Amino acid sequence: MENIYSHKRTHISYKSLVSNLNTVGIFLLTLLWCYAVFAKLADLKLYQLQMKDQPFSEEIQRVLTYLVPVLELTAATLLIFNKHKWGLWLSLSLILGFTIYITLILTHVFPNAPCSCGGFISKMSWKSHLYFNMLLFFINMGCLIRVTKKERRLSGKE
Numbered sequence: 001m002e003n004i005y006s007h008k009r010t011h012i013s014y015k016s017l018v019s020n021l022n023t024v025g026i027f028l029l030t031l032l033w034c035y036a037v038f039a040k041l042a043d044l045k046l047y048q049l050q051m052k053d054q055p056f057s058e059e060i061q062r063v064l065t066y067l068v069p070v071l072e073l074t075a076a077t078l079l080i081f082n083k084h085k086w087g088l089w090l091s092l093s094l095i096l097g098f099t100i101y102i103t104l105i106l107t108h109v110f111p112n113a114p115c116s117c118g119g120f121i122s123k124m125s126w127k128s129h130l131y132f133n134m135l136l137f138f139i140n141m142g143c144l145i146r147v148t149k150k151e152r153r154l155s156g157k158e
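My numbering puts the first residue of the sequence shown at 1, with every later residue one more than the last.
There could be a bad hint or two in this list.
[As the list claims (entries may be wrong)] Derived Cβ-Cβ restraints for the label pairs, each shown as a range:
#1 K157 x D53: 45 to 51 Å
#2 L31 x L96: 18 to 24 Å
#3 E58 x K15: 49 to 55 Å
#4 M124 x K157: 22 to 28 Å
#5 L49 x Y131: 22 to 28 Å
#6 L154 x L64: 44 to 50 Å
#7 F38 x S155: 35 to 41 Å
#8 L49 x K150: 41 to 47 Å
#9 I100 x K123: 19 to 25 Å
#10 L46 x S13: 45 to 51 Å
#11 V24 x D53: 31 to 37 Å
#12 L41 x N82: 23 to 29 Å
#13 W86 x L135: 20 to 26 Å
Calculated from the structure, these hints are not laboratory results. None of the values given here were measured: they were computed from a predicted structure. Ideal Cβ positions, reconstructed from N, Cα and C, are used throughout, including at glycine.
I would like the entire structure built from these sequences, with the hints used as guidance.
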């Protein structure tokens with residue numbers, strides 16, 4: 001008679017754990033950029049008004065109004081279609097750009113700047129935005145490091 005309490009132990013290797021964490025990180029970043037784009041498009045008029053209130057020249061405001069969603073959508077698309085390294089670099093660039101902007105707001109270089117994030121993210125305080133961006137930065141960096149190491153290993157450069 002077989003012991004009903006005996007079971008095979010599931011062995012999770014370090015390599016598979018890291019791979020799964022990387023998959024989850026890339027999924028979260030993809031979800032973030034898709035959400036950001038669709039939140040802006042869902043209330044396009046509000047997004048455009050908020051962009052007009054940014055502390056930049058009219059020309060820069062106009063460019064950013066279209067460039068930001070295009071870059072967010074591009075990052076999501078690259079991550080979805082397995083161009084992870086390019087998608088992670090673009091994602092990291094966006095996160096760093098937004099983090100610098102938030103820091104300038106928190107240090108009062110840009111007083112009274114509106115949040116044009118859209119959705120639940122626009123409900124955050126600027127300090128919460130900064131912490132959220134720091135978390136995203138570390139997730140993005142971890143994924144980028146793992147993808148780069150994997151590429152080097154596969155190409156024999158490691």
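Structure-based check of each hint:
For the pair K157 and D53, the supplied restraint of 45 to 51 Å holds, since their beta-carbon distance comes to about 48 Å. Here the CB-CB span from L31 to L96 is close to 19 Å, well matched to the stated 18 to 24 Å. Look at E58 against K15: about 52 Å separates their beta carbons, and that is inside 49 to 55 Å. At roughly 41 Å, the beta carbons of M124 and K157 sit outside the given window of 22 to 28 Å.
The hinted window of 22 to 28 Å between L49 and Y131 holds, with their beta carbons roughly 27 Å apart. In this structure the supplied range 44 to 50 Å is violated for L154 paired with L64, their Cβ-Cβ distance being about 37 Å. At about 36 Å, the CB distance of F38 to S155 agrees with the hint of 35 to 41 Å. For the pair L49 and K150, the beta carbons lie near 43 Å from each other, so the given range of 41 to 47 Å is met.
For the pair I100 and K123, the beta carbons lie near 22 Å from each other, so the given range of 19 to 25 Å is met. Between L46 and S13 the beta carbon distance is about 48 Å. The supplied range of 45 to 51 Å therefore holds. Evaluation of the 31 to 37 Å hint for V24 and D53 yields a pass: the beta carbon distance comes to about 36 Å. Our hint of 23 to 29 Å for L41 and N82 holds, since their Cβ atoms are close to 25 Å apart.
With their beta carbons about 22 Å apart, W86 and L135 fall inside the hinted range of 20 to 26 Å.
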